[in-house]
Amino acid sequence: MLVPIQLVLALSLALILNNPKLRFASVYRAIFFIPSVTSAAVIAVVIQLIVTNFGDNINNLLNQLHITDQHIDWLGDPRFALGIIIVVGIWLGLGINLVYFMAGLQTIPQELYEAARIDGANSIARFFFITIPMLRSIGVIIVILALLGSLQVFDLVLVLTNGGPFGATEVVNTYIYHQAFGDTHLSIQPDVGFASAASFFYGVILMILSVAQVFVFRSINRQRAQGI
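For reference, each letter of the sequence shown is one residue, going -19 to 208 in our numbering.
There may be inaccurate statements among the hints.
[Claimed, not checked] Ranges of calculated distance between the beta carbons of each label pair, as one might list FRET restraints:
1. ILE104 with ALA192: 30 to 36 Å
2. PHE197 with ILE104: 19 to 25 Å
3. VAL22 with LEU2: 28 to 34 Å
Simulated from the structure, these hints should not be mistaken for lab results. Here a beta-carbon is modelled for each residue, glycine too, at the ideal position from N, C-alpha and C.
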């Protein structure tokens, strides 16, 4: 769920910021990129403090707006805890994917768009018949990198929810961590052997994605060398 939403948002923002007529585009790009170079653990601590100190105020505001009459436990309710993890995860990876897509967009020859305009193609047609095909190669790399990033979410989940409540936000990394070292709150006893086996299969998945990324890079370089 995280990766598709993140990539769609990143591509949409890249298309907007790639407009040469947009003023302060570099400033907007830097603002979106800041979370990507900020520690996820620090962001998790800040969000935890916000929810702890202002959670009741947010609930009161929602009650006054008649959005809900229930008291929401933001990090204690599985639905909302998972939602917060997804939203923050998307926000953290949005900037770097935005930069990748913008780099890809800037490699597309403007002559293609000009020729399409002369032929009467509208913006939607130019997007589907020029932008998407031209981004295909780099798009595959971006998808692989996004998948690798989503599989390596650890500090955000560990600090914010510790995989709870009731395992709703558990990811592979925190699962292996809890199996290896145990967790008294989750009543999990350490099982180093099981954690080692899980780590092995997890490493195999990461290796497969990394090898796929290398093959895609080589394919792109081969196409460029052949002038395709």
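Now for the hints, and whether the structure bears them out:
no.: 1; hint: ILE104 with ALA192: 30 to 36 Å; in the structure: holds, 31 Å
no.: 2; hint: PHE197 with ILE104: 19 to 25 Å; in the structure: violated, 31 Å
no.: 3; hint: VAL22 with LEU2: 28 to 34 Å; in the structure: holds, 31 Å
Violated hints amount to a single one, hint 2; each of the other numbered hints is respected by the structure.
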